[in-house]
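Spelled out, the chains give:
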Amino acid sequence: MKNIRFLAVGILFGIVMSKSEAISWYRIQEMFRFQNIHMYGIIGVAVIAGAILFHFMKKNNAKTVDGEIADFKEKPKTYTASIIGGTIFGLGWALTGACPGPLYVLLGQGYWIILVVILSALLGTFCYGLLRERLPH
Amino acid sequence: MEILKQPWHWGFSGIMIVFVMFLLIYFGKRFGVSSSFKAICSMVGGKKTCSYFDYDWKSHSWLLMFVLGSIIGGYIAANFMASPDPVAISAGTIQDLAELGISAPTGSALVPPELFNFDILTTLPGILMFIIGGFFIGFGTRYAGGCTSGHAISGLSNLQLPSFLAVIGFFIGGLISTHFLLPLIMTL
Chain A
1 MKNIRFLAVG
11 ILFGIVMSKS
21 EAISWYRIQE
31 MFRFQNIHMY
41 GIIGVAVIAG
51 AILFHFMKKN
61 NAKTVDGEIA
71 DFKEKPKTYT
81 ASIIGGTIFG
91 LGWALTGACP
101 GPLYVLLGQG
111 YWIILVVILS
121 ALLGTFCYGL
131 LRERLPH
Chain B
1001 MEILKQPWHW
1011 GFSGIMIVFV
1021 MFLLIYFGKR
1031 FGVSSSFKAI
1041 CSMVGGKKTC
1051 SYFDYDWKSH
1061 SWLLMFVLGS
1071 IIGGYIAANF
1081 MASPDPVAIS
1091 AGTIQDLAEL
1101 GISAPTGSAL
1111 VPPELFNFDI
1121 LTTLPGILMF
1131 IIGGFFIGFG
1141 TRYAGGCTSG
1151 HAISGLSNLQ
1161 LPSFLAVIGF
1171 FIGGLISTHF
1181 LLPLIMTL
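From first to last, the protein sequence lines are chains A and B.
Taking the working numbering, the leading residue of the first sequence gets 1, the next gets one more, and so forth.
Taking the working numbering, the leading residue of the second sequence gets 1001, the next gets one more, and so forth.
Take the hints with a grain of salt, since some may be wrong.
Pair ranges (Cβ atoms, derived) [unchecked claim]: (1) A:C127 / B:K1058: 20 to 26 Å; (2) B:F1180 / A:F72: 33 to 39 Å; (3) A:N3 / B:E1114: 34 to 40 Å; (4) A:F72 / B:A1098: 41 to 47 Å.
Straight-line C-alpha distance at most 30 Å; calculated DSSO-like pairs for lysine-lysine [what the hints assert, rightly or not]: (5) A:K58 / B:K1029; (6) A:K63 / A:K77; (7) B:K1005 / A:K77; (8) A:K63 / B:K1047; (9) B:K1029 / B:K1047; (10) A:K58 / B:K1058.
Counterexamples of contact, computed for chain A against chain B with all Cβ distances above 10 Å [as the list claims (entries may be wrong)]: (11) H38; (12) K59; (13) N60.
The set of hints was computed from the structure by calculation and includes no laboratory data.
Cβ atoms here follow ideal geometry from the backbone N, Cα and C, with glycine treated the same way.
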């Protein structure tokens, strides 16, 4: 059960998302209304600290627990998909107040209506899979 | 015990997210939650429907464990670490939400109780917010190839141009929903 470690990291993630209030519908509304630094602070600190971390890990050929060099894969250069898909996701993010990580965390918090949102998201993913070859990427 | 219950400062929260991202990289994986939607679609039989889901979803079994952990983490936070104080959103947001008929945060609730309940699904605003909203999340994140974790946090940290464009998209969509769609929906 090598995957147990990911269960543990997931539990930590759930607690971080909750205590940071990043799962809060109110906080997402506040962010899209530019009325507080809170969400920008979280994302800004994470991106800056993450960029510094990645820089030093790459420079030092940092290894994973299995002894392999950590892999920082490039994202596919599908620019059109980034913009259009990103915009569609953004529409849903502001309506539900949750992105995929927080959806799962909110379910654990006991908001059962999130099950409906997750099922809708799975249906959305399924439709994307079916339409993918006809969409610009 | 009190210190466990306090909400975290955004600076500390940002660092803790990077710690989670570091652990995943150290364990040989990448931070990105929306791939779990693809894995679940494939797992429940999507494999036969099109090439997108025809992959070895077991390569994502670690992510499904991570997602299960997130649910447990949410449970722990809600039951043992919840702050007794309402979410401290700005006065401006409280006022804007009041104009939409949504009351200010109360108690430990991180989301508006008047919206996050099953009764709302019998109303048009509820269906548009949660069912259509959820559909957009699943369709959009997979089309864009990532969500807030994969693009906004790890993609930007890795200086990826596709991620930067995706984040611009997140904001285009988020601003449209917040300033045009939500006020419209709430009057239905």
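Comparing the hints with the structure gives:
1. A:C127 / B:K1058: 20 to 26 Å: With a Cβ separation near 24 Å, C127 (chain A) and K1058 (chain B) satisfy 20 to 26 Å, so the hint holds.
2. B:F1180 / A:F72: 33 to 39 Å: 38 Å Cβ-Cβ, so the 33 to 39 Å window holds.
3. A:N3 / B:E1114: 34 to 40 Å: Holds, since N3 (chain A) and E1114 (chain B) (Cβ atoms, about 39 Å apart) stay within the stated range.
4. A:F72 / B:A1098: 41 to 47 Å: Holds - the Cβ-Cβ distance for F72 (chain A) and A1098 (chain B), about 45 Å, lies within 41 to 47 Å.
5. A:K58 / B:K1029: holds (15 Å)
6. A:K63 / A:K77: This hinted pair holds, its Cα atoms lying about 26 Å apart.
7. B:K1005 / A:K77: violated (43 Å)
8. A:K63 / B:K1047: violated (34 Å)
9. B:K1029 / B:K1047: holds (23 Å)
10. A:K58 / B:K1058: holds (28 Å)
11. H38: violated (5 Å)
12. K59: Its Cβ never comes within 10 Å of chain B, the nearest being 14 Å, so this holds.
13. N60: holds (13 Å)
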